[in-house]
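> Sequence:
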Amino acid sequence: MPYSNLTKEQMSAVTFEDNLLLSACPGSGKTRTLVSKLYYILENSDKLSIGKKKVIAITYTNIAADTISERLLSYGIKDDSLWVGTIHSFCLQWIIKPNINKIPRLKHGYIIIDEYEQESKMRELREEFEIGNYDPIQTALDLNYQPIYPKNSVKYNLVVDYHKYLRDNGYIDFELILNISYKLLKMYPALCDRLALLVSHLLIDEYQDISEVQYEIIKLIIMKRHSKLTLIGDKEQAIYTGLGAIVKDKIEIENYFEIDNICEKNLTWCFRSSQRIIDYYKKYQDDKHEIESKSDLKNFHSIVHLENNIDKTQLADYVIGVVETHLKQGINANEIVVLCPSWFGVINLSKEIDLMDKSFSINGFLVSPIPKNQDNIWLSLIRLMLLKPCISNYINRNRLANELSDNLYHSGSLGSILNPKVILRTINSLVIETDIEIVEWINLVIDSFCNILKIDIIGNSVAKVGKCSLIDSALERMKKYEMQYRANDLHKFFSASNGVKLTTCHSTKGDEYEVVICTGLLKGKIPNWNDIIGCDNLHQNYVARRLLYVIGSRAKKHLYMISEKGYKTKSGADYETTAQL
Numbered sequence: 004m005p006y007s008n009l010t011k012e013q014m015s016a017v018t019f020e021d022n023l024l025l026s027a028c029p030g031s032g033k034t035r036t037l038v039s040k041l042y043y044i045l046e047n048s049d050k051l052s053i054g055k056k057k058v059i060a061i062t063y064t065n066i067a068a069d070t071i072s073e074r075l076l077s078y079g080i081k082d083d084s085l086w087v088g089t090i091h092s093f094c095l096q097w098i099i100k101p102n103i104n105k106i107p108r109l110k111h112g113y114i115i116i117d118e119y120e121q122e123s124k125m126r127e128l129r130e131e132f133e134i135g136n137y138d139p140i141q142t143a144l145d146l147n148y149q150p151i152y153p154k155n156s157v158k159y160n161l162v163v164d165y166h167k168y169l170r171d172n173g174y175i176d177f178e179l180i181l182n183i184s185y186k187l188l189k190m191y192p193a194l195c196d197r198l199a200l201l202v203s204h205l206l207i208d209e210y211q212d213i214s215e216v217q218y219e220i221i222k223l224i225i226m227k228r229h230s231k232l233t234l235i236g237d238k239e240q241a242i243y244t245g246l247g248a249i250v251k252d253k254i255e256i257e258n259y260f261e262i263d264n265i266c267e268k269n270l271t272w273c274f275r276s277s278q279r280i281i282d283y284y285k286k287y288q289d290d291k292h293e294i295e296s297k298s299d300l301k302n303f304h305s306i307v308h309l310e311n312n313i314d315k316t317q318l319a320d321y322v323i324g325v326v327e328t329h330l331k332q333g334i335n336a337n338e339i340v341v342l343c344p345s346w347f348g349v350i351n352l353s354k355e356i357d358l359m360d361k362s363f364s365i366n367g368f369l370v371s372p373i374p375k376n377q378d379n380i381w382l383s384l385i386r387l388m389l390l391k392p393c394i395s396n397y398i399n400r401n402r403l404a405n406e407l408s409d410n411l412y413h414s415g416s417l418g419s420i421l422n423p424k425v426i427l428r429t430i431n432s433l434v435i436e437t438d439i440e441i442v443e444w445i446n447l448v449i450d451s452f453c454n455i456l457k458i459d460i461i462g463n464s465v466a467k468v469g470k471c472s473l474i475d476s477a478l479e480r481m482k483k484y485e486m487q488y489r490a491n492d493l494h495k496f497f498s499a500s501n502g503v504k505l506t507t508c509h510s511t512k513g514d515e516y517e518v519v520i521c522t523g524l525l526k527g528k529i530p531n532w533n534d535i536i537g538c539d540n541l542h543q544n545y546v547a548r549r550l551l552y553v554i555g556s557r558a559k560k561h562l563y564m565i566s567e568k569g570y571k572t573k574s575g576a577d578y579e580t581t582a583q584l
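In this text, residue positions in the sequence shown follow the working numbering: the first is 4, and each later residue adds one.
Hints may contain errors.
PhoX-like, lysine-lysine: derived pairs with alpha carbons at most 25 Å apart [as the list claims (entries may be wrong)]:
#1 K286 with K297
#2 K286 with K375
#3 K482 with K467
#4 K57 with K105
#5 K189 with K56
#6 K424 with K375
It is worth saying that the hints were derived from the structure and are not from the lab.
Working from the sequences, and respecting the hints, build out all of it.
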């Protein structure tokens, strides 16, 4: 049950019924506390006068949202009062879609541009405007729909061209979702009033990563005084300030939301790491809070090793050696992660390790031929087709079936909510050849599913546009990356991957591994040139320390911090080891 074995700190946060700011150190059971708090709110819905209102939980990633939903399902919670998702999903479902006719740009259909298409276009524009790859560019618009740069400057014109490209191709990006939502709430006060009346409780995970426009959207809801606010996170893990995130303390939060008092509580026990690991990453704290290990590994003899004597040509060999050593000690490959400062580094190191002799498989960087766009009505169906019916997938499949049922109903494809069991039986009955082209397979899956359930996809614009969008984006991506995949290759992109994980330092936030191996700890990579050029030492130090804190706190048992040699700047100077190490 959700309350079993909760600490006093955790239980105090779970049962607190007013506005709350919860600061949680790494490994303190933050997600468990959030899930338990949601359970408590729903269990006491009569006492808390929720009625027909909604309990909204905003997460930073879709993975975090899925984790919370799955845990609640495991406790038997499937409550229509609860909604869990990212701020972008929230804006789409509760602000944009119900008011789509008020948005001329979107009312005839739109596609959310995926990150690879976005990066490709930005590379083109950088070349066209002769802006280097290390020169940071913010494509997000300000609250007045204008680029953040001086008018007619090179960067201003680049951002204007980027947004023209989006408009001309029927695209929007994630930042535009926020801009459009904010504008709607400001332009239509009655809409804002209705939304605020709908929200009983608003819980925000990773509050330290909230941007200005996200804060403004939340503020418009909270200032109506109909909703209780809970903010959960850790200021020490604020690694997205370079992307516009704003870190606020208790007083700043009270002043910003005009709240008389928000109670601040702390989770200070770490159930993840040995004390040796904690004592290492604590040196990167700003506030110097005590963190005590309550893990079974508290007194474990952890390795914390700083390596700066190998060349980049030796990096793959060195990493393999470290991994092999710990595999022989009985550590599972899934409990080992290798971190790089950028996806470029992840791709290169993945390729190098993949070509070498080793006793383990790697879970590196793969671009899926089907964009995993959470907004597409049919993505849940595709995921269900690729997720085998078994005990380990039971909760996930039920969650996806519920999601698909809701999407079909809200799109107008169904007159009533379809029982998720019917959806699962239908999908399990489908027998579709997989040794075929991916687009052909997508067509067959959607059409066969709709035929059995008598869903009129032709007569429903949302369902039809969703299908066309999924197929078009898959075709475009496969052409762009010269992919030769067939439908029987799709499992590797949508199933749980096994092996040693390779990912970026930023992407590992929220994860935990027995062994963490971090590469590229060099000035120019961590901190990145974007946070060095034109920035003072205070900023450089802050950014580097936040990321080093996150990297170190992922480890349960062992931590390797590598500053490989061999990288040179454009002027020919050697890269230096990250000074903050």
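> Between K286 and K375, is the straight-line Cα distance small enough, at 25 Å or below?
violated, 38 Å
> Does K482 pair with K467 here, judged by a C-alpha cut-off of 25 Å?
Satisfied, since the Cα-Cα distance of roughly 23 Å is no more than 25 Å.
> Hint check: K286 vs K297, CA-CA at most 25 Å. Holds or violated?
holds, 19 Å
> Check the hint pairing K57 with K105 against an upper bound of 25 Å on the C-alpha distance.
holds, 24 Å
> Given the proposed pairing of K424 with K375, does the C-alpha separation stay at or below 25 Å?
holds, 24 Å
> Would the pair K189 and K56 pass a check requiring their Cα atoms to be no farther apart than 25 Å?
holds, 22 Å
Hint 2 alone, counting from the list given before, is not met by this structure.
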